[in-house]
Amino acid sequence: MSINIIGAGLAGLSAALTLAEQNIPCNLVSYAQSERSQSVMAEGGINAALDTSGEQDTVEEHYADTLKGGVYLADENAVWGLCSHAPEIVTKLDRLGVPFSHNDRGIVQRYFGGQKKKRTAYVKASTGKMLVTALIDEVRKYEVKGLITRYPRHRFVQLVLDDGTCKGVRIADRFTGEPTVLPGSVIIACGGMAGLFDGMTTGSTHNTSDAVATLFSQGVELSNLEFVQYHPTTIGISGKRLLISEAARGEGGRLFVRRNGEPWYFMEEKYPELKNLMPRDVVSAEMVAVTARDDCETQVYLDMTGIDKKVWKSRLSDLGDQCIHYIAVDPIKEPIPVSPGIHYFMGGIRVDEKHRTNIDDLFAAGECACQYHGANRLGGNSLLGAIYGGRVAAQSAMEKAGDEHIKAEVPYQTKTDHYEVSPALAERISAVLYRSLPIMRNEADMAAAQQELNAMLTPDLNEAEKRRLYLALAMVRSAINRKESRGAHKRTDYPERDDTNYRKQSVVSFKDGQIILTLSDIPERRTK
Amino acid sequence: MNYTIDILRQENRVAQPYRQTVHFATDDAEMTVATLLKTLNATPDLTDTDGKAVSEIEWECSCLQKKCGACAMRINKKPQLACDTKLGEFKDGKISLEPLKKFPVIADLIVDRSVMFENLKNIGLWLEKEARHTKKGEDVAYEASRCLQCGCCLEVCPNFIPGEDFYSAASFVPSGRVLSELPKKDKADILNSYVDKIYKGCGKSLSCRDICPAQIDIEHLLVNNNAVAVWKRFLK
Chain V
1 MSINIIGAGL AGLSAALTLA EQNIPCNLVS YAQSERSQSV MAEGGINAAL
51 DTSGEQDTVE EHYADTLKGG VYLADENAVW GLCSHAPEIV TKLDRLGVPF
101 SHNDRGIVQR YFGGQKKKRT AYVKASTGKM LVTALIDEVR KYEVKGLITR
151 YPRHRFVQLV LDDGTCKGVR IADRFTGEPT VLPGSVIIAC GGMAGLFDGM
201 TTGSTHNTSD AVATLFSQGV ELSNLEFVQY HPTTIGISGK RLLISEAARG
251 EGGRLFVRRN GEPWYFMEEK YPELKNLMPR DVVSAEMVAV TARDDCETQV
301 YLDMTGIDKK VWKSRLSDLG DQCIHYIAVD PIKEPIPVSP GIHYFMGGIR
351 VDEKHRTNID DLFAAGECAC QYHGANRLGG NSLLGAIYGG RVAAQSAMEK
401 AGDEHIKAEV PYQTKTDHYE VSPALAERIS AVLYRSLPIM RNEADMAAAQ
451 QELNAMLTPD LNEAEKRRLY LALAMVRSAI NRKESRGAHK RTDYPERDDT
501 NYRKQSVVSF KDGQIILTLS DIPERRTK
Chain F
1 MNYTIDILRQ ENRVAQPYRQ TVHFATDDAE MTVATLLKTL NATPDLTDTD
51 GKAVSEIEWE CSCLQKKCGA CAMRINKKPQ LACDTKLGEF KDGKISLEPL
101 KKFPVIADLI VDRSVMFENL KNIGLWLEKE ARHTKKGEDV AYEASRCLQC
151 GCCLEVCPNF IPGEDFYSAA SFVPSGRVLS ELPKKDKADI LNSYVDKIYK
201 GCGKSLSCRD ICPAQIDIEH LLVNNNAVAV WKRFLK
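Protein chains in written order, with the working numbering: chain V, 1 to 528; chain F, 1 to 236.
None of these hints come from the bench; they were simulated from the model.
One should not assume that every hint holds.
Stated by the list, open to error - Using 30 Å as the maximum straight-line C-alpha spacing, the simulated BS3-like pairs for lysine-lysine come out as follows:
1) V:K141 / F:K121
2) F:K136 / V:K309
3) F:K136 / V:K92
4) F:K86 / V:K313
5) F:K187 / F:K200
6) F:K135 / V:K92
From just these sequences and the hints, can you work out the full model?
Written out as structure tokens, the structure reads:
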């Protein structure tokens, strides 16, 4: 039995741990050590209906909020699995030593976007880093026992496929190029596609999108690529967007724009119930709308000056330090300028409820997989989705791993040429995507982008460059194909939601050099 | 502002190192060394001050906001993160970039920090039992969990020599979490290795405290760890 995990962020760590706890060995392959993964950058928290705030929170409400936040595009069975396992997952993280705050009821939770109850467990605004640290330590235990074998500093090369089945994975040392073929089933946990918007996201530079582009070229289906999350509160710093955690608003931060010279707390006026904590797609679209008005200035501010000093010290000290360090503004004393920035990819590798892809014995989990978040992800659900998804993928791989055919020999182990996307082309692709896939989209801009990307597909490109262009094209064409507005995909030319025609999953595949688009029904909810 | 950037280069693990100097002009004092390196690598036909072609400068980064520790290097001889160092700091326009010295060079500014991760295995840094949470323990565990494993502390530690018995701050900082969360009777293994691999070798120079890019309260963690592991003053 052999299971290989590509990526050692939270989803990969979770998958490895799930296997090790069942005494099943695995290989954990990663471009860099887990400390460098994008998961460490997650800030605000992880959702679970623990009901430690006396608000009678329930799994049903977490489930309902997640589906509503995703504008009813997520697989309801999968979301139920996610939400119903969340309390047990967070409790386990607590036992693994994540330093959550506690009170006499248990783990303290905070408010977060799109949820009416305090459901987000946190460690200041460094939750991702704390979770990763605890899981690294736990995985280390099994490394020493010989159950988990790490391959750090390795890049994914391609799957070994045989007649539609995944037989293993080819990897190579990043520096020597030394190839290794790892036979067995494969769990992809390679992170989101930040590299498609190079330098324009809050994400890691390691998440180039190249692994997903390679998988796409090998016949792996992708889904819902048009749903790209713009987080409402980011700041441009050298080389990237800096995230200002949703925890800022969860703890009382308020968004305003100056209208006729006076602060206008537009979210509070327009959404009296959830106010500044509407789902991210709604907040970002409102920020675009108010800054476009003639009577408003073009800059939105996040006002955290009303937050209690004790809250700053115990829950947001790291966020405060970050603002002072990067933009030289002390948010305790004055509002900070914020604008929406690309933060998360709801779309990715198409998986079913069990995290199976369209290729036998190939699984995917974490941000690279399209699951749980529908058209818009709620804050606090990504850490949960990574850990739960990694676990489910590992369980599914275990179910299949006894099959004889996986033990078949993998045929070859040769060094192949390695290509990378040139910085110049990466920049051109990013510029086209950024221009054509803003918060408010339209057909003309997207059609122009499709033309531009097609024109870039010239014979002199290397294989990696072609693959990235095909992935970019798949994203733009998925966006053109969805002629409605839903969640993070908002169109000025189709402003309404159209459930009849588009409450469906976009599916994109690559065959014989052609990108094929279809819409697929969302699985029916089973009765509980 | 015109910058002169002197880079210590080395093609691979066994190649001879050499120096290469490039000029770069920008008025952006907020630009980080990380963005500078990215920009240089994206410059077509980049040449050095002798007119020779400059091949891609190998360096590592991931988060670009001092959360991952990937881009640690010696910048004007001081170990720090490239993403946390702004060009405006170099008033005379002179910047020298070198790989960390205590680790084997893989290529240019990338070093092999495997020893740090091996050391964490050797001291047995994991929980054998369920964590026990206390208010004080939470604060210690938080601070300890922030360690980036960047290696800057090892670079300046007068007592740390890779491959030798003293593991230094990159091991004792993360140890703080496990030491604070394990009940007394379950600490035995890590306590033994702590005394051997950390307490005995530390000369208390605390150079690690001053260099840590995450500004972890290393002194506090060291005092706390020693109290638990050496002086047996177990946290309540």
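Here is how each hint holds up against the structure:
1. V:K141 / F:K121: 8 Å, holds
2. F:K136 / V:K309: 20 Å, holds
3. F:K136 / V:K92: 21 Å, holds
4. F:K86 / V:K313: Given that 30 Å is the threshold and the Cα spacing comes to 27 Å, the pair holds.
5. F:K187 / F:K200: 18 Å, holds
6. F:K135 / V:K92: 19 Å, holds
In summary, the structure agrees with every hint in the numbered list given earlier.
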